[in-house]
Structures are given as C-alpha cells and as structure tokens.
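Following the hints, put chains B, C and D in place on chain A, whose structure we already have.
Next come the chains, spelled out residue by residue.
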Amino acid sequence: MVTLADYLVLSAVVFALGLYAVVTRRNGVAILMGIELMLNAANINLVAFNKYAAPGAVQGQIFALIVITLAACEAAVGLALVLAAYRSLETIHVDEINVMRW
Amino acid sequence: MTPYAWLIPLLPLLAFALVIWRGDRLPGRGAYVSIAGIALAGLCGLVLLGETAFGRRADLTYQWVVLGGRPLTVGFIVDPLSAVMTAMVGVVASLITIYSVGYMEGDPRFSRFFAYLSLFQFSMLFLVLADNFLFIYAGWELVGLCSYLLIGFWFERPAAARAALKAFVTTRVGDFSMMIGILILFLHTGTLSFSGVFHGIAAGRIGGPLLTLAAILVFGGAVGKSAQIPLHVWLPDAMEGPTPVSALIHAATMVAAGVYLVARTYPLFVQSPGHEALTVVAYVGGITAIVAATMGVVEDDIKRVLAYSTMSQLGYMLMGLGVLGYTAGMFHLITHAFFKALLFLGAGSVIHAVATNNMKEMGGLARAMPVTFWTFLVATLALTGIPPFSGFFSKDAILLAAYAQDRTLWLLGTIGAFVTAFYMGRLTWYTFAGSYRGGGHPHESPTVMTVPLVILGVAAAVLGFLESPFERYVRFPGVEAPAPNAPLLAVSVLVALAGWAAAAAIYHWRLIPSAALRRYLRAPYTLLVHKYYVDDLYGWVFLKVGGLVVLLAGAFDRYVVDGLVNAVGWLTGRLGWVLRFLQTGREENYLLLIFLGLVVIVLVRLVR
Amino acid sequence: MTGEAIAFYGLAAVILVSGLVVVGSPNIVHSAVALVPAFLGITGIYILLGAEFVAGIQVLIYAGAITVLVLFVIMLTEGGTGLRQQQRNEQGPIGASVAVAIAVLLIAGVTHTTWGRGAGTLPAYTPGAIGRSFLGTNLLAFEGTSIVLLVSLIGAIIIARKEE
Amino acid sequence: MGLAEAAALPWYVEVERAIGGTVLIFSGVAVVAAMFGVLLERKISGWMQSRLGPKHVGPQGLLQTIADTIKLLQKENIVPRNADATIFASAVLVVPLAALLDYVVIPFGTTRWGPLIFRDLNIGVLYFAATSSLVVVGILMAGWGSNNKYALIGGLRSASQMVSYEIPMGLALITVAMLAGSLSTVQIVNAQAGWWYAVEQPLAFLIFLTAAVAEVNRVPFDLVEAESELVAGYFSEYTGMRFALFQLGEYGEMFAMAAMAVTLFLGGWRGPVLPPVLWFVLKLYALIFVFMWVRWTYPRFRIDQLLNFAWKVLIPVGLLNLVVTAFFIMVVHR
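Residue numbers (this note's numbering), protein chains in the order written: chain A, 57 to 158; chain B, 88 to 695; chain C, 268 to 431; chain D, 1282 to 1615.
None of these hints come from the bench; they were simulated from the model. Don't take every hint at face value.
To be verified - Residues on chain C that point at chain A, a partial pick, calculated with CB under 7 Å: (1) Ala279; (2) Val281; (3) Leu316; (4) Leu373; (5) Ala375; (6) Gly385; (7) Thr388; (8) Leu389; (9) Ser400; (10) Val415; (11) Leu417; (12) Ala427.
Unchecked claim - For each label pair, taking beta carbons as the anchor points, the in silico distance ranges come out as: (13) C:Glu430 / D:Ser1326: 42 to 48 Å; (14) D:Tyr1566 / C:Gly383: 56 to 62 Å; (15) D:Ala1348 / C:Lys429: 28 to 34 Å; (16) C:Lys429 / B:Gly663: 53 to 59 Å.
Said to hold, decoys possible - Cross-link-like lysine-lysine pairs, in silico, DSSO-like; alpha carbons within 27 Å at most: (17) D:Lys1430 / C:Lys429; (18) D:Lys1430 / D:Lys1356; (19) B:Lys447 / B:Lys618; (20) D:Lys1356 / D:Lys1324; (21) D:Lys1593 / C:Lys429; (22) D:Lys1356 / D:Lys1336.
All C-beta atoms in this analysis are idealised placements derived from N, C-alpha and C, irrespective of residue type, glycine included.
Bound-form chain A, shown alone (with noise of 0.2 Å):
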C-alpha cells in the first residue's frame, strides 16, 4: 500500500537531486533544467497531498497546475536570458558571467 510518505520521501530525493543540479552546475541551462526538477519535486507533494490529505477539492491540483504554468514561464525567461547572455558574453558558463553590465 503506497503510503503519503512515500510520495513525500520521492518528492524529497527529486528535490535534492534539483538541488544538487542547481548549485554545482556550471552551465546556466543545467542551472534551469534543475530548477524544473525542482519545481516537479514540489509538484508530487501538492498532488500527493491532494489525493491523502485534502480529496475533496482539487486545490492541490490547482496550485500543481498553476506552479506547472508558472515553471513554464520561468523557463521562458531564464532561457532567454542565457540566450542574451550568450549573445553578448560568449558564454553561458555561470561562474564566467560576473560583470553587472552586458
């Protein structure tokens, strides 16, 4: 029987391995590809939530889908802005990118 602790414990482990990808990656896109991972960590426990805790409404859902559109956007922007980065930098390495003007 797949208790809410697992699921939780799942949406942990996604979230460290996000969180892993995201501090020691030098590469802005690896960067936001972690960040999703992270974002989808926080997805399992809402909807996982919704099913155990809260059955009745779909406010879970709701907030998975809202933080699923939200994700979307955000990767939108952070890809674009490594794009201009790249543009103007030549590169997308974000330990390289240390000047407050482009």
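For chains B, C and D alone, kept in the frame of chain A given last:
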C-alpha cells in the same frame, strides 16, 4: 627718598635703554652714561640706608591685576635688609663699572658690555627691592639672563659660549624648584606678597611638612643661583667671562642674591617644624664651604681659585643663616662683597698685565705692581679672617653662631677657615712672591683701575668695625646673635695663622716641595683635580639616562604606537580577506550558503 | 505488493535514474534529453495519484514544450561546442553534502510525522472539477497566472530578440 | 471508462491487456498506415500527375511497400562518426512511439459491447495533444544526434514548425471539447449526434486540418525534408531500418491526425446506414485523399511564411473562434 625708592632701579634701566639705543655715539661710547646711572642709584641707596637707619619704612604697593577675583598687589619694600643690599650693590657696581672702563679698553663691543652691565644692575636692584615673590622671581630670571649674556660676552670663544649655556641651564634648574615652591605657597596662602604669605603661614594656612617642602624648594633657587653643592658646577666655568663681570656678578651681587632670598623669606624657614629647613640650609652651606675650599687648593687658574673661594664663602653665609646667625650671615655677605670684588679686580689687573690666568706663569709681581699687590694683600687678609680686617669679624660671628647651634658645623667651618688661609697663601705666593716666570713684562694698571682697588681696599679694612651698628640695624625679630666668646675667637685666628704658615712652608721656604706633596697625596690630589668627578657624574647621568629614556621613548613610539596602528591595518586587511570568501559575486556560492544555512538551522533546532 | 506499489516503485526508479542522468551527466544534451523520461515518470506518479488532467498538462508542457525549449537554447548557445568544458564548478562536494543533508532531513521529517487521511474521495472527472474551481473559487489565481504568462511571453521575446 | 475503474482490475490482467493492445496497434498501424499508406500515396500522386503508380510488384503494385521495407531491412545501419550515439539511436524509438501512442484514444467504431477504443481516457483530447508534442522532442534528438549541420538545422526548423502549429490545433481541440462538454473522444463522438462539428465549427475544422498537415510535415509545410534545401531533413543520416521506422512514424502520425479529425469533426463512426467501423474507414480515407490532394497542389512554404501563417493567422482566428463559441454556448444553453 624712601617713597621714591622705585626710582633706584629705574636709573640703570634708563642708562641701559640709552646705551642700547645710541651706544657708540654716546660720550665714552656709553661708559659714562652707565657709570652715571649706577653712581646715582648707589647715592640714592646710601641716602635710603641713612633714612631706614632712622626708622623710615615703606611698602610701596600697586594693584596690578585682578586674578580670578583675587587682586594681585605688587610693589617695592624699603626696610633695613633691602636698604643695606641696595647700598652695597650700588657702591660695588659703580666701582666695578669705573674699573671696567679701563679693563675693557679697545674691545670691539665696548658699548654693548656697558649696556649689559646697566641691565644687570637694574635687575639686581629690582630683585633686592621687590616685596613679592613675583617680582623677586622676575628679577631672578633677569639676573640669570644678564649672567648668561655677560659670561658669553666673547661668544666667539666656544668655551665661553658653552660656559654661558651651562650657567644658564644649571641656574634654571634651581629657578624651576623655586617656582614650584612659590606656587605651593601661592596655592595655600592665596597671595604672592611676602607679608601676605608670612601672615598666611602664621595663620596656619600652610604648615607642617608641606611648609618645609616649600621652604626647601625656594632654597633650591638659592642653591642654583649661589652655586651651592648640587648645582655648583657652573661657577668655575663662568670665569670665562671678562673679570669685572666675574667680580660684579660672580662674587658680589648675583651669587649673593641666593643668600638675600633666604634672608628675605626667613619666616618660611623659621616656622618650618623643628627648623628642618634651617638645618638643611646650614648643612648644604657647610658642606659647600669645605668642598669648595678643598677644590680651590689644587687650582692653577687664579680666577678659578677665587671662584671656589666665593663658593666656599657663600657656603659660610648660608651656614650662618642656617644656624640662626641671621645678622652674622648678612654681615658676612656685605663684607665679602667688598673684599671679594677687590680680589677679583686685583686678579683682573694682574691678568691685564701678564695676559694669562695661570698662576704658574706669574710670580714676583709685588715689585712690578705695588698698588695691586697691597690692595690684594689687604683683601686676602680680610678673606682669611685675620683681625683687624672685616673678614675676621663677619666670619667669626658665623663660627660663633655655628658653635652655639651645632658643633660639627663649627668644626667644618674651622677646617674650612684653615684651608681658605692655605689656598689664599698659596695664591699670593705664586702670584706675587718669587721671581717672574711669565713671558711678558708686567707693569702697573692705569689709575682708572687702581683707584677703585684702593677704595675697595679701604672698605675691606674698615667695614669690620661697623659690626655692632649693623647688628642693631639688621635684625630678625626673635633671633639673637650669641654673645662673643673670646677663646673661640682666639682659636679661629690661630687656625688662620696656621693656614698661612703651612702655605708659606710649602711655597715660600720650600720645606716640602709641592711636587713631592702631590706624589705623596696621589689619590686625594686626583680626586680634587677632577672636582670630585661631579661634572663627569652629571655628564654620565644625563647622557646615559637621557639616552636610555630617548631609546625607550623611541622604541615605545615605534613598537607600541605604530604597532597599534599597523595592527589595526593588518586586522582590517585580514578581516577583508575572510569576507572575500563571502562576497565572491557568484550566485551559486550564495545559493549554497543559503541551503547550508537552512541545514544548520534545522540541525541546531533538532539538537537543542 | 499491489499493482500500485509496483507501479510506484517502477516509476520512482525511472524518475531517479533519469534524474541522476540529468544531474550528473557531463554531456549537457544528454542531461536535457534525460529530462523527458524524468517528466514522463512524474506523469505516471500523477496518474497513480489520480490527477489525470495534471498528468496530461505535465506531458504537454514539461515534456513537450520546456524540454524542447531547453534543447533549442542548448543548441543555439555553445551547448553543442561546450561539451568539452568542465560542467561542474568547484562546489561539487559541498553541494552534494548539502543536498544529501537536506534530503535526509526532509525524509526524517516526513517519515516521523504521522499524516492523517483526509475525508472524501477524488471526484471522478477531475478535469471538470478543476475547470469549475478554476473559473469559480480560484478565478483570481487563474487570471493572475494568465497575466504572468503574458508578461513572461513578452519579456522572453524582448530579451531573446537580437538587437537590430 | 475512467482510470479509476481500470485500477480496480487486478494488476496482472491490466498488464496483459496493455501488452495485447500494443501488439495490436503496432501491427495494425504497421499494416494500414505504413504499408498501405505509402502505396496509396504513390498511387494517388501518380494518378494526380496522370501517370501510373508502382505496378510491377504484386497485382497493381500492391506489394510495393513490402518490397521497399524488405529492401530497407537489409540495408546497413550507419552511425555518423563522433555523432551522439545514444541520442541518435533513442531518437529512432521516440518518434514512431510517440506517433503510435495517439491511437490509444481513437474510437474506430462501436460494437454491441461498447465503443471500439483501446482505452477511453477521460482526458482523451488532452492526451492526444500531449503525445503529439512528444514527437517534437524525438525530432530534435534526431537532428542533434546525427552530427550533421543540415540535420540539425532541419531538426530545429521542423521542431519550431510543429511547436508553432501545436497551438492552433490545441485551440481547435479546446473549441470542440467545449462544445462536447468533455475531453473524452467517445463523448465527443456521441455529442455529434445532431450536427457534425465540421458543420457547426467549419472554422475550427479548417484550422485543425491545416495544423494537422503542418504537424505531420506534409507538403505545403514539408520544408524540413525539402530535397532542394535540406536533403532529407532530420533523418538524412538515418539508413536502413531506422529510416523505415521514421517513415512508419510519419505516416502513423498522418493517419492518427486524420482519424482524430474524423472523430472530432466528422462524427467519428456515426453514419446512417453502414456499420460504424465502415463509416469511420470511409471518412478516414476521404481525409487521407484530401491530404494527398493538398500535397500536389500547393507550393512549399518558406520557413518564415510558414511560421507567420501559424502565429499571425491561425492562432488569432482560433482564439476568436474559441471566444465566439464560448459566448454562443453560454447564450444558447443558459
């Protein structure tokens, strides 16, 4: 004349102003103006002496400024003590100024010499007539300044310049301690005038050990100025100045100022508990007397011998004052002024003749310079205390007072008298007896120099007899001179004669050749030649200690002060270096820190 | 071991493996492509949790759009050529330990708390329920998200556009 | 039949049906779509160009595609030098798989014991849109994996084209779902009892068709494999069986699109006389004919014209249509 007493110091001041301003263009290149100035002042002094003798007293005060609610009254005082001093200074100074016209003949800075002399005379008279500590201190400083100027008159000679500086600095040390004494008194009694301070002491505003301390500090000034033991090193070197200067300043007047100061502030010393201050004065005087006398024995320079003799006689005067011989001390001061001035002027005319100070290069001058010889002999006899000359009366009065008060001091005084007689005899024989050993051909000085010698000779001979009127005239209430004691007088005369005999034996009949004596008494001889190593001691102390202090201060400044500043700099640098890791400007570092912080917080929360 | 458990652990395995590839692979394109199985695994989890609509949307947006976008940007930037460069910065070990620590803490927190079960059951047709609540109680959130979408759309275009 | 009941069945039954279903789809589609489709394409295009299609292999050339497939099978699998092998290989899997997944929600007809559909998901239409978007990833992987400039650019272009046309298709789907009141394909077909949605929503039908053609990279929009410019587009480096799979994926996608158009707009299996499945097949081939017909009539779009057409024409019209329909529904039903 008494109400116009302030006029007396003014006359030499005017002379000084005139000579400085018009100098060479004045008749006699300023000499006559200076002589006129001091002669008039001396005359007024004598008139003042007469009036005070008949009981006239005056305290001319003038309110100068209001110091924080307390009026500062300053002015002049006319009483027997100041009158006597004014008269003495006036007479002696005029004679010496007349003498120096001859002595300073042909000196390029002739007029400036007389300007300085007038300035000195003004400051001495100002000091003597002052009725408050402020004026006496001002006079004290001015006199010190003039002594500096006059010692270093021939400043092109480095020895003179060094001597002047040494004199000024050493006396300044004394002046400093005197100032502290005056401040203590002012602090407690709230006033600077003598009468005010003495009333304050009588009213008990200041007493006990503090009073003794103040008295000793004021006496410090006297020690500095009168060249007593700790601060005596400058007097022998001061002989670099022209001889009339030595005669006037370093024999008669300035050095006597110290004794006059003690006399003027006598209530301070008397009221100090158990006469501690007085015994200090007495012993300093006594020791200086015997030490100076012994140093005089080995000197070859005629002026230095006389300098040591002055130092020793000043010791006697202070000893006299110290053993409650107030009148004896003062009387000796007056008589000493006359015959010591004469001795110096005599020496001056000898030097003028043979152009050298060294006694070994003189001899047989009696025949060449009869007037100088005879006046010199009279003064020597007076100095060594041979009756009927003045020295006998004043010195014996001191010995008498010393015998009554403190037997050891009396013994010291008597031995001092013997040594004095010995070195004076040695000096006389070296200079005047035997055959002439010098290069030049000695001749008698011009009359402008010999006339003052004769007058001073007469004074040295006659003054002794004025002792009894002097005693009635200059007295400190409550301090009685002891009754004369015949056997004591006999002893002192015998001692003096013994001194003379010893000198004659060695230097006249050559029973014991001085060279053999010098070999035999090798140790004490070298000790005396090196002036008890006092100069070396001061040199060593100030150089070494001073050097050490300088070294310490330098090190302190470099390591502690600079060290601190550098430490602060280093600290901020190190702090910055640490913070550098926090401010890397890379987002992932900050992100990592955020999550690290999160983990730490949770762990802490779990642990607690 | 019910079907659901097997499905859950299977999907979890898929997610974690592909997650590790996304995070660990030195080749940026590999990690981008590995995102797809990860997202599909998560879609499976949503289906297990009875959230079909969210699963559909997840595939449509995440697997379909975002991964494509990521691949696009990788190819447009030096991703292609950047393979040889060091992908990991110097915070490797610390980052790993922090991630592990957080995972452990979360798991400890999760496993130690007892989760109550909510009353009621999931509506049969969740998309309908979602639609109704989106336009009903959660209208503000719905409109807000649409505005954010619009703004980020315009923003992304302007930022990424090549200046004339 | 939502997922909830499905979960009730024991899991091993579930697995069997799943495996059975995949085998059925794979073989069925393989036969209908790939084999027959290719042949049909070449026959019709030949007929249109007033020439005979393939004749030699089998009666009237019916076995032509089988011959082609056998030819391709024995061709050598070439992997370009220092290409990204894993991605190169996995792309071959993703594209056909994604295409075939569409068939899960297509109702081929109805029989006594319920509609002939693999799994009637209650989010059917959404599922369809999702799987079709997966194809794009496969294409990108193919383009990148083959380490060939033309393949890469071809992959990027086709991806951007498909992404752009996904939106109008989505809008059309939403309009239909709104009209039918449900996402499930079966419900939509049942909802078309009265008027077909093609009649009610001609605009949405047209948008869906154009988007479908673009989605499948068919002629007017087949800039990707345009021989004159990009050789064979993203699968230019694939040979042998991999090439065949790509063809399978492409034609499978085409048939799925046609089938979905039929279900959504032409009333699925509904028809007055003939059995439902026959109706469905007839409508299906009518649309396939239209696709092929379109292929040989319209000139090829340039990439910027193609994208502008999607963004500046189809999407606004789709949105407008959506809003009008929503308003219409609100007014009529209330």
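Results of checking the hints against the structure:
Taking 7 Å as the C-beta cut-off, the interface hint given for Ala279 (chain C) holds, the closest approach to chain A being about 5 Å. Hint status for Val281 (chain C) relative to chain A: violated, with the closest Cβ pair at about 11 Å, above 7 Å. With its C-beta approaching chain A no nearer than about 5 Å, Leu316 (chain C) sits inside the 7 Å limit, and its interface hint holds. For the restraint placing Leu373 (chain C) at the interface with chain A, the shortest Cβ-Cβ distance is roughly 4 Å, inside the 7 Å limit, so the hint holds.
A least Cβ separation of about 10 Å between Ala375 (chain C) and chain A goes past the 7 Å threshold, and the interface hint is therefore violated. For Gly385 (chain C), the interface hint holds, since its Cβ comes within 7 Å of a Cβ in chain A; the closest pair sits about 4 Å apart. Hint on Thr388 (chain C) holds. Least Cβ distance to chain A is approximately 5 Å, under the 7 Å limit. Hint on Leu389 (chain C) holds. Least Cβ distance to chain A is approximately 5 Å, under the 7 Å limit.
Taken as an interface hint, Ser400 (chain C) checks out: its beta carbon lies about 6 Å from the nearest beta carbon of chain A, inside 7 Å. At about 6 Å, the closest approach between the beta carbon of Val415 (chain C) and any beta carbon in chain A falls short of 7 Å, and the interface hint on this residue holds. A hinted interface residue such as Leu417 (chain C) counts as satisfied when its beta carbon comes closer than 7 Å to some beta carbon of chain A; here the least separation is about 9 Å, so the hint is violated. Against a cut-off of 7 Å between C-beta atoms, the interface hint on Ala427 (chain C) holds, since the closest Cβ of chain A lies about 4 Å away.
The hint said 42 to 48 Å for the Cβ distance between Glu430 (chain C) and Ser1326 (chain D), and at roughly 46 Å that hint holds. At about 57 Å, the CB distance of Tyr1566 (chain D) to Gly383 (chain C) agrees with the hint of 56 to 62 Å. In this structure the supplied range 28 to 34 Å is violated for Ala1348 (chain D) paired with Lys429 (chain C), their Cβ-Cβ distance being about 49 Å. Between Lys429 (chain C) and Gly663 (chain B) the Cβ separation comes to about 42 Å, which falls outside the hinted range of 53 to 59 Å.
Taking the CA atoms of Lys1430 (chain D) and Lys429 (chain C), the gap is about 22 Å. The hint holds against a cut of 27 Å. Between Lys1430 (chain D) and Lys1356 (chain D) the CA atoms are separated by roughly 24 Å; this keeps the pair inside 27 Å, and the hint holds. Between the alpha carbons of Lys447 (chain B) and Lys618 (chain B) the distance comes to roughly 20 Å, so the proposed pair stays at or under 27 Å and holds. A C-alpha spacing of about 25 Å is found between Lys1356 (chain D) and Lys1324 (chain D), which places the hinted pair at or below 27 Å, so the restraint holds.
About 20 Å separates the Cα atoms of Lys1593 (chain D) and Lys429 (chain C), which keeps this hinted pair within 27 Å; it holds. Taking the CA atoms of Lys1356 (chain D) and Lys1336 (chain D), the gap is about 23 Å. The hint holds against a cut of 27 Å.
The structure does not agree with the numbered hints 2, 5, 11, 15, 16 stated previously, though it agrees with the rest.
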